[in-house]
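Asker: For this one, chain A is given, so just place chain B on it according to the hints.
The listed protein sequences correspond, in order, to chains A and B. Per our numbering, the first sequence runs over residues 1 to 376. Per our numbering, the second sequence runs over residues 1001 to 1376.
No lab work stands behind these hints, which were simulated from the structure alone. Predicted, not measured: the structure shown is a model, and the values here were computed from it. Hints are supplied without guarantee of correctness; some may be wrong.
[Said to hold, decoys possible] Okay, the calculated beta carbon distance ranges per label pair:
hint, chain 1, residue 1, chain 2, residue 2, range
1, B, 1261, A, 319, 37 to 45 angstroms
2, A, 298, B, 1120, 15 to 23 angstroms
3, B, 1319, A, 74, 17 to 25 angstroms
4, B, 1312, A, 240, 55 to 63 angstroms
[Unchecked claim] Which bits of chain A does chain B cover? Going by a derived footprint, with three or more residues having C-beta under 8 angstroms, they are:
hint, segment
5, 27-40
6, 296-306
7, 326-339
Glycine is no exception: its CB is placed at the ideal position from the N, C-alpha and C atoms.
There are 2 protein chains.
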Amino acid sequence: MSNFKIVATSDTTRARAGVLQTAHGEVETPVFMPVGTLGTVKSLSPEELIGCGTQMVLGNTYHLYLRPGCDVIRRFAGLHNFMHWDRPILTDSGGFQIFSLAKLGKVTDEGASFQSHIDGSSHLLTPEKSVEIQICLGSNIIMCLDDCIKYPASREHAKEALELTTRWAKRCKNALKEGIGSLDLTVSKPPFLFGIVQGGMFKDLRKRSAENLSEITFSGYAIGGLSVGEPKEIMFEIADFTLPILPDNKPKYIMGTGTPEDLVELVALGADMFDCVIPTRNARNGQMFTKKGTINICNARFKYDIKPIEPGCTCYTCQNYSRAYLRHLYMSKELLAYRLNTIHNIYFYMKLMEHMRTAICRNKFDEFRKAFYEGK
Amino acid sequence: MSNFKIVATSDTTRARAGVLQTAHGEVETPVFMPVGTLGTVKSLSPEELIGCGTQMVLGNTYHLYLRPGCDVIRRFAGLHNFMHWDRPILTDSGGFQIFSLAKLGKVTDEGASFQSHIDGSSHLLTPEKSVEIQICLGSNIIMCLDDCIKYPASREHAKEALELTTRWAKRCKNALKEGIGSLDLTVSKPPFLFGIVQGGMFKDLRKRSAENLSEITFSGYAIGGLSVGEPKEIMFEIADFTLPILPDNKPKYIMGTGTPEDLVELVALGADMFDCVIPTRNARNGQMFTKKGTINICNARFKYDIKPIEPGCTCYTCQNYSRAYLRHLYMSKELLAYRLNTIHNIYFYMKLMEHMRTAICRNKFDEFRKAFYEGK
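Bound-form chain A, shown alone:
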């Protein structure tokens, strides 16, 4: 029995609406996951996330492994209890942060050695270790460790990285099988494991990676190595090429992307799942999303503005606070500023996903997309 069911498709695009079953409830796709790096989506309470319509959050294995560490989270039987969140959690493998944030040591077949960005301590992340940590975190969806390359990368480098990613993916699948044996299945359900397609910006390599992973078979497939500095048109080209060659009966996840426009286009291309720090990070920088584009809440023109960020928006922030107040909080560096801004941006993203899903279910995705670009 599959954990993913497609409930509607768009006639004119590859957009699709689905339902993903997890041990912590159903997730309606397409879905956007706010990033809860350290067991908290920065500045928000779980109740606020739910109030914004959040179905699932992403946790960062690298960060949680370093702080507070698995020994702490094990006492809570996982991240859900620890952070007071009872909806689904997806965790990444830790690979991306090792390659982008830590001081990377050697990458060998065994795994990736790195030094913590916090205290410089040395660690080795292997595929087995990554799965073990993610099982300890109690995630509903766990990701295979992959070899993330920078942009631009040579064909040779991209090829080696994808081959290593494939070998690691096999080991992750085996590690999960063995890890399930150690789980007390009366309290924990085994997570779903997703493979990650690599291959840089080379279509034939992406194809090979997709085929390799499909052969191993996973519960879902992610496209990694996008939004790593490449021009937008290349990102869309690779996504457009790769999404349809992934198994259609499984969820397809574009990692680490993107702007509202990116999400609309990638949903049109057939993607089901997304995560990104843009809504939360931008909020903390005063960049607020509206249907007409972003506004910067610091702008002097908002000093006396009694209107909400977006008139008509039904988020908690827009229902109760003015631009002038939010500007005042932000200029005064008040803690409440970051929260109120984040609530609006997360709500904006969640509504966007909800509207896309509704449009797909009504087979009106084109109309939706047209209205979206008209700022309606």
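Answerer: Chain B alone, transformed into the frame defined by chain A:
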């Protein structure tokens, strides 16, 4: 008709329970007001304040005058709308911050000139100006501008300051009368004006100040110039001396104090109102109040601690989060840490006040006090 009614008194102490009527509802005394310096009690939403049992907040006239300024708050017809808070607000006169935070210029009979701590701009705060700003803020209770002296101060200095405070108090009362004329009474109700007793640590001067202010007559009386660095026993001695010589049919307010122990002792001495940054500031420093004393959430012994800050506490934080999680958030400098800590501390203070009031109403204040010191 009076706006303050005493509903119960303690037989064995001077503790009393009252009800203060304001245009934004009733306040049950003794009451503690969290400090909302810049139109926000740092890190909390108004809903969270209410969830903690907050009846009234304090706003700082000095801070709000500088940021966002009266021109902004006027557009919102006052601070209540601006900050989305519909319960009573008390504002201070601005004097204390001018004397402690700004670069103070000359203090003359006219007023106090100062330079902003933000941009160095020059301002003159007169009694009339302070009342005008507080009317603009739409406060329910406004305070007379007073001349706040440091500890220790010479008798001569304390005497001059109290005499100036008396002259300013008269002018504040006149300014309020004139200010009321400018109010649209269909939308705004005139605030209550409180006088502030000064006189340093000299009882005869405190007596003279109390008599002077009582003669002018105010809706309430505050004791200023305490908790300014003097030894605790002197603070209690002056409060003990001054509280009973203030009119018993009016609320008595000790400004800028204190710890939970201070509040218990000052209530026993007959004080009705308090404000202090201790619960909020300490929370942001990881210092959490419990019935057995304060704990520092950073402490390594909490690393694996699945218990709440205070077992049995019914605040949102204790109901949903462990010491280990709060320690993790705090060590990681996560924004949620400050909020969850603040919720607990404010709730602790509000419950303390509520328990004191209940004890007074049942004429069991002594029993309450005994249990309090036993950490029950």
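Asker: If a hint holds in the structure, say so; if it doesn't, say that too.
Answerer: Going down the list of hints, with the structure as the test:
no., hint, in the structure
1, 1261/B <-> 319/A: 37 to 45 angstroms, "41 angstroms, holds"
2, 298/A <-> 1120/B: 15 to 23 angstroms, "21 angstroms, holds"
3, 1319/B <-> 74/A: 17 to 25 angstroms, "23 angstroms, holds"
4, 1312/B <-> 240/A: 55 to 63 angstroms, "58 angstroms, holds"
5, 27-40, "holds (count 3)"
6, 296-306, "holds (count 3)"
7, 326-339, "holds (count 10)"
In this structure, every one of the numbered hints holds.
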